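Engineer: Sequence:
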Amino acid sequence: MTHLLITGGAGFIGSNFVHHVIARTDHTATVLDKLTYAGNRESLAGLPEDRVEFIEGDIADSALVDSLVADSDAVVHYAAESHNDNSLHDPRPFLDTNIIGTYTLLEAVRRHNTRFHHISTDEVYGDLELDDPQRFTEQTAYNPSSPYSSTKASSDLLVRAWVRSFGVRATISNCSNNYGPYQHVEKFIPRQITNVLRGVRPKLYGAGHNVRDWIHADDHSSAVLTILEKGRLGETYLIGADGEKDNRSVIELILTLMGEPADAYDHVTDRPGHDLRYAIDSTKLREELRWMPQYGDFEAGLRATIEWYRENENWWAPAKEATEAFYAEKRQ
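For the sequence shown, UniProt numbering begins at 1 and goes up steadily by one.
FYI, nobody ran anything at the bench for these hints, they're computed from the structure. Any given hint might turn out to be false.
[Claimed, not checked] Using C-beta positions, here's what the derived DEER-type ranges look like:
hint : residue 1 : residue 2 : range
1    : 321       : 233       : 15 to 23 Å
2    : 23        : 292       : 15 to 23 Å
3    : 201       : 137       : 37 to 45 Å
4    : 287       : 134       : 17 to 25 Å
5    : 113       : 42        : 29 to 37 Å
6    : 256       : 61        : 14 to 22 Å
7    : 143       : 206       : 19 to 27 Å
8    : 290       : 209       : 30 to 38 Å
The structure presented is a predicted model; accordingly, all values stated were derived computationally and were not measured. Even for Gly, the Cβ is constructed at its ideal location relative to N, Cα and C.
Sequences are here, hints too, so could you generate the full structure?
Structural biologist: Next up, the structure:
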């Protein structure tokens, strides 16, 4: 049995990972989460208390982090400020959490020689042209375009430096856009789903030609667990499920699956620096570690996600009003 310290485990992909680990392994876990607006204790409801401990705290708190790392066999680092729009509005929290927080964790795992896995994003690579046949690989040069993606790129480079300079036992994964249960209503897919459930027309940035490579959070979780158990130390693995879809197609599919006309949405002003296309080549992960996604059908995964939000309004409703007020102020 292994005890994991999971940072950001009350957030979207972090909480999905906690559920995945508890359901499929004998591991125990301590969840460290600051419970910002994007963290929710209810995302961990129903998990066995004898296997999951929750601690509210900041990954930049060196004393707290050191004590938790000392009692852990491995650290899985999900905690991050991650919303592009918010990073454009106020970049400072992204530096504090994504850079200083990661540094604090790296120093703790260095002291205790603890296995470390760092969760990152494909946004560190910038974007691709819509007609570019290439996809991001582990060799793609970093080219971040927002305060969010630049601070995540910085955290990746810190991990690589601590591996090389101090021998920290770490791996990195960069994943494409996630969807699934427990995602905050500020994000693209849950915002559109909950708008339809509330009888509000969904909103689409610009013409909606921007392409994202979608992966269900369950598949992201299984990939991270595979890397934690089998990945080569010092290596980076890209996680993707071949789910490239443009935003217009996604919003129209949501409307169709929810029984609404496919064109029943409004266009709003595009956000500054909106990346054109992300696309992940996960060949290394699939061939080296024999990982495969279970949700190969985006429509099936999206249908299941819609049903989750339909059945769990008590989870998302408290954040909905404030989120829409924020976007209304920006006319988005």
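Engineer: Confirm or reject each hint.
Structural biologist: Going through the hints against the structure:
Our hint of 15 to 23 Å for residue 321 and residue 233 is violated, since their Cβ atoms are close to 46 Å apart. Distance hint for residue 23 and residue 292: a CB-CB separation of about 18 Å, consistent with the stated range 15 to 23 Å. Our hint of 37 to 45 Å for residue 201 and residue 137 holds, since their Cβ atoms are close to 39 Å apart. At roughly 19 Å, the beta-carbon separation of residue 287 and residue 134 lies within the given 17 to 25 Å, and the hint holds.
A beta carbon spacing of about 35 Å between residue 113 and residue 42 agrees with the range 29 to 37 Å that was offered as a hint. Against the hinted window of 14 to 22 Å, the Cβ-Cβ separation of residue 256 and residue 61 comes to about 46 Å, which falls outside the hint. Distance hint for residue 143 and residue 206: a CB-CB separation of about 21 Å, consistent with the stated range 19 to 27 Å. For residue 290 and residue 209, the Cβ-Cβ distance of about 35 Å falls inside the hinted range of 30 to 38 Å, so the restraint holds.
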